[in-house]
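Colleague: Sequence lines, in order, name chains A and B.
Number 118 in the working numbering belongs to position 118 of the first sequence; there are no gaps in the numbering.
Number 1242 in the working numbering belongs to position 242 of the second sequence; there are no gaps in the numbering.
Hints may contain errors.
Said to hold, decoys possible - Simulated pairs of lysine to any residue, SDA-like, Cα-Cα distance not exceeding 25 Å: (1) A/Lys-31 - B/Lys-1228; (2) A/Lys-306 - A/Glu-317; (3) A/Lys-94 - B/Gly-1188; (4) B/Lys-1189 - A/Glu-23; (5) B/Lys-1228 - B/Glu-1210; (6) A/Lys-306 - B/Lys-1228.
As the list claims (entries may be wrong) - Some chain B residues well away from chain A (every beta-carbon gap over 10 Å; in silico): (7) Ala-1072; (8) Tyr-1113; (9) Ala-1137; (10) Asn-1169; (11) Ala-1185; (12) Lys-1190; (13) Glu-1192; (14) Gly-1211; (15) Ala-1234; (16) Pro-1273; (17) Ser-1311; (18) Arg-1316; (19) Asp-1334.
Since the hints were derived computationally from the structure, they do not count as laboratory data.
Given the structure is predicted, the values throughout are model-derived calculations rather than measurements.
Glycine included, C-beta positions come from ideal geometry on N, C-alpha and C.
The lines below spell out each chain.
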Amino acid sequence: MQYSQDGLLRAYRRMATIRQFEERLHEEIAKGEIPGFTHLYAGQEAAAVGVCEHLDKDDMIVSTHRGHGHCIAKGCDVSGMMKEIYGSREGLCKGRGGSMHIADTSIGMLGANGIVGAGAPQAVGAAIAAKAKGNGKVAIAFSGDGACNQGTTFEAMNMAAVIKVPAIFVFENNHYSEHTGDRYAVGTALDIASRAEAFGMKAWRANGCDFYDTFETMAALLDHVRSTNLPAAIELDTERFYGHFEGDPQRYRAKGEVDRLREERDALKIFRASPVTQQHFGSAELDAVDAEVAAQIDAAVDAARKAERPDPSHVTEDVYAEY
Amino acid sequence: MSVMNIREAINQTLHEAMERDPSVILLGEDVAGGAGTAGGQEAIGGIWGTSTGLIGKFGPDRVIDTPISESAIVGAAAGAALAGMRPVAELMFADFIGVCGDQLINQIAKFRYMFGGEARCPVVVRLIYGAGMNAAAQHSQAFYNLLTAIPGLKVAMPTTPADAKGLLNEALHGDDPVMFFEHKALYGKKGEVPDGVHRVPFGHARMVREGGDVTIVAFGRMVSFAEKAADKLAEEGIGCDIIDPRTTSPLDEEAILDSVEQTGRLVVVDECPPRCGLAADVTAMVAQKAFTSLDAPPECVTAPHTPVPFSPELERAYVPGPPAIEAAVRRTLDWG
Ligand SMILES: Cc1ncc(C[n+]2csc(CCOP(=O)(O)OP(=O)(O)O)c2C)c(N)n1
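Isolated chain B, as found in the complex (with noise of 0.2 Å):
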């Protein structure tokens, strides 16, 4: 075990995993760095330090600058796939989905089902999401539901450091397309990381914590909100179940009813806009799957149906907080 932040666990798991396994290669925007410049590659390892040091060890075949080419960046890495690699793209922000879209959405979530079964398709896509930074309506979307939604890809977001490696490892080994999504205000979370190959499966949540009274499940950096309010909350005496699910597709769907049939109450904190968001889809799914569990209408703590504002007085009005948590949870237990 070592202590270090989630940039680290995931450069470190880079590393590792480059050095095992000679198919897997890093593609993307800067992801060496000063490539065509006087300072020359190794500048910069990547605009948010994940992969610094990995151009100086496996060389510019294997750690790609790409130009700002993102549709090439995703159909590249497919294509790579198809000829038995494991290629890593980073897509710089989650938001740029909007100008790869077709390659992920129409190609490399499509190929094994389509081809019979027979093709594979092992690409890593790395997505820096969030909101958080005042970066406004380009550069700050959650995403994580579009992608969830389309049948074929899978999609991790972890938010311990541990579960970076494990979830990231995981996706390496994995035959399918993983659309790996990493909030940029989580990068400096510390924690314990697990040294060798440690694995984290998909579709298996983490329960962060048991309490009792309610159930909250908290997606990405919402797991860290949801502690919060929770403990204000266990000051009054008020225990909260915290499940972290780590994989939206596939969704430890168990993890969720076990806990709702226990407490009864279910509070669902999502920074997607709430249409067609992962709130929306956990309380359809507990509605259809325990309702006779429900002691009150389950909760969705949402960011609003707006695109993300820059003013910091708006985006802090944008995300979802403790103190919107709180009340939320507190709704389920004042309920009749």
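One chain only, chain A, in its complex shape (with noise of 0.2 Å):
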């Protein structure tokens, strides 16, 4: 595949800059800065951007309650992300709908999603209204391995592929739902890929921690969907660097699991050590890009403690009614 050195850039910044945002969220968490539940998504960095790099602004994604990363991929604003997970008013959801329910339709980006299983048929609709406005456009549906389990997202496999939409699935899978291991919730015979292909569709299977592969497999699954305006499906073999949400302990983990992952699954490190990227840059140019995004997200932090708090009056803001 051709690859621009813009467009691996570009690619990269969206990397470090999801790395950097979550590595930051987790210490400031910590601290006790940040209200609410926080899912961090550092660790499946490839599978974001290695989706997402493909899409334009017209293109819709949806995403889970783990969704800081396909915001950052499908270009949501940080500085308004990281507003909305302090809770403040200037936040891209007013401070209303934290971490888990970040989004701007006004990018594609249609939504973060706190309960399990409630994207996929969503990412159908948003199909129905691509096909019916006959742009082109495709929706995805971002899940992990707990989520495949959900009858929704069952459903809006099986409806994708009987009304023949231009709806993706995207499985991320992390081998976590929570504490429980896709071994035993996904069942041992099939993996989830194979449950797409169930349902009449045809699914890729790809290293979710390695940008190239993703990248490479989703170009191959969209020239089919865009060609045939049928649905199809992509597992992702990805890794979680921290824990289900912010102070899991991580009782259900190996022994040095996490230490082995940073080693040999770390998106980044991947990316570095890869002979295309090494065609094309120098460490150095990729340092440079770490240096501006450490920078803009300092600048991100600082600007959510100085943001505008909501006030308590705004509580009952744009219900249709009040009582």
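Using the hints, put the two chains back together into the complex; each one sits in its own frame.
Modeller: Structure representation (structure tokens):
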């Protein structure tokens, strides 16, 4: 596959932004600065970016409770996200949604979701809209290995296959649904991609820690979807580096598991080590991106701390009726 | 008697019930925790810690970690109950009623009546509910109003460790489906719990205190807020009756009416939004059955008609608190 220097730098910048955004959140949460439940995405960067780098503004995604990476990959304003997570009035959702419910429909980010499995049918609806408008756009549902066990996900896959719409089911298998393993909950006989195949969809599999593998596999998938207007699925084998939520003691993990994953399955390391990357840059250029991103994240945290807080009177805004 | 918190009381009750009765089984997401992982089961006893120790004692046939599949969890509990078991199904957050609505509302609730009174469906669904953790709109809802509205379901909501044990034991002895609402902000609340098979009958309110001037009926977490408000008012010599109904279906109407007949004033405190909530329900009941006893219009202290917001400032504005209760009591006293 042909890669442009600009395209690769952009992909790297987005992955580095996700990583640093998450690592910074991890620190700030430990200080008690951030309210509510936060589920960190670090480790899965290559999945979100490998998928979303193919999309433009009018393609649509629906996300999960672990949505920060999807938001950044789709182009959400990082400062607006940080303000939202801090609960500020200036946040992307006026501080009413928080980490689990960030959305920016103006750029095709149709929403993160606190209900596991809720996104897949919504992506089918967004794909119905794309088909009706005939604009050639696609709609992507991100789901985890846990979410693939919900009836909603099964129903959505079947319906997409029956009504033939360009819905894409991206299953990020990080091997855990909260504290339960995929080998238990998904069943031992089937992988997730073969479930999609059982509904009559074409399905792909890729290494979700490797940007190039995810990106190239998605290219093949999107060729298929855009030329046929049919749904498709992809299972990405990926990893999460932090607990299910911040504060999770992770007793279900093997000793040293996270250290090993950070050594062997780190999307940023894998990206840097790739021959394709090395053809295009030296590490100094990527280090410079890291430094720019660090400054951007610092600025976002600073802005979030100073941003306007909601006033109690705002609680009844945006509801159609008051009682 | 031993002192423990509500989390421990529920855990102890489940242990004792499973020891006594082999038909009691538990199912839900992560209730054993860690299935299929390197850490193995018992890595975590449910995310709320209420099922700690059960898997080690009763094994995976009775303490069943499920996939994320609420509809199948509750539906399977229904089927197991029809087949003679006493399943306890856990909904990690009451909000997930949205996912398994059919199994709760059209299935479990209907069997006994619809099948001519023969079929019994003794399912206990444990629903962890309520605002207060900045968990936002999809993880904070109170929702006991929804299930109270469905004929065929019993609804319990303990506010003390003793009642947590007593009501859960009652649910596990009865033959009907019980929706057992546990407030996430009350788990750490401590109190004395009777040893052995302590049971609290449904439909009998707890008289939290008697004060004689105003009746406060408060649900769930609101009971402790009502107590705070009443403490403050007591300093000025205003005495409040506080009633904790403990079950919303059946509802102890008599306890409420008796108190209102004495005080002539009613304040109902409910974490649900105002329309079709328990506050509206109780004030309507009192207006119908004790109209002439009332010396002032009943007051409803509820959440606003909005989803639960994330931001701490907004969530504080959302949850009814002691100042709002105090103000409502004063309004009933100031009235004409
Ligand atoms: C309907 C529903 N059930 C349960 C939960 C609680 N919950 C939140 S995330 C999660 C695990 C999701 O696992 P997976 O889909 O694999 O995504 P991951 O967390 O691994 O990113 C669970 C059980 C929920 N939010 N919604």
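Colleague: Confirm or reject each hint.
Modeller: Evaluation of the provided hints:
1. A/Lys-31 - B/Lys-1228: Answer violated: A/Lys-31 to B/Lys-1228 is near 30 Å, above 25 Å.
2. A/Lys-306 - A/Glu-317: holds (23 Å)
3. A/Lys-94 - B/Gly-1188: violated (32 Å)
4. B/Lys-1189 - A/Glu-23: Not OK: B/Lys-1189 and A/Glu-23 at ~34 Å, beyond 25 Å, violated.
5. B/Lys-1228 - B/Glu-1210: holds (14 Å)
6. A/Lys-306 - B/Lys-1228: violated (34 Å)
7. Ala-1072: violated (7 Å)
8. Tyr-1113: About 26 Å separates B/Tyr-1113 from the closest Cβ of chain A, which puts it past 10 Å; holds.
9. Ala-1137: violated (7 Å)
10. Asn-1169: Given that every Cβ of chain A is farther than 10 Å from that of B/Asn-1169, nearest at about 28 Å, it holds.
11. Ala-1185: holds (14 Å)
12. Lys-1190: holds (22 Å)
13. Glu-1192: At about 30 Å from chain A, B/Glu-1192 clears the 10 Å cut-off, so the statement holds.
14. Gly-1211: Check passes; 29 Å lies beyond 10 Å.
15. Ala-1234: B/Ala-1234 clear of chain A: closest Cβ-Cβ about 27 Å, beyond 10 Å.
16. Pro-1273: The claim breaks: B/Pro-1273 does not keep its Cβ more than 10 Å from every Cβ of chain A (closest is about 8 Å).
17. Ser-1311: The claim breaks: B/Ser-1311 does not keep its Cβ more than 10 Å from every Cβ of chain A (closest is about 4 Å).
18. Arg-1316: Answer for B/Arg-1316: violated, closest chain A Cβ roughly 7 Å.
19. Asp-1334: holds (22 Å)
The structure fails to meet hints 1, 3, 4, 6, 7, 9, 16, 17, 18 from the earlier list, while all remaining hints are met.
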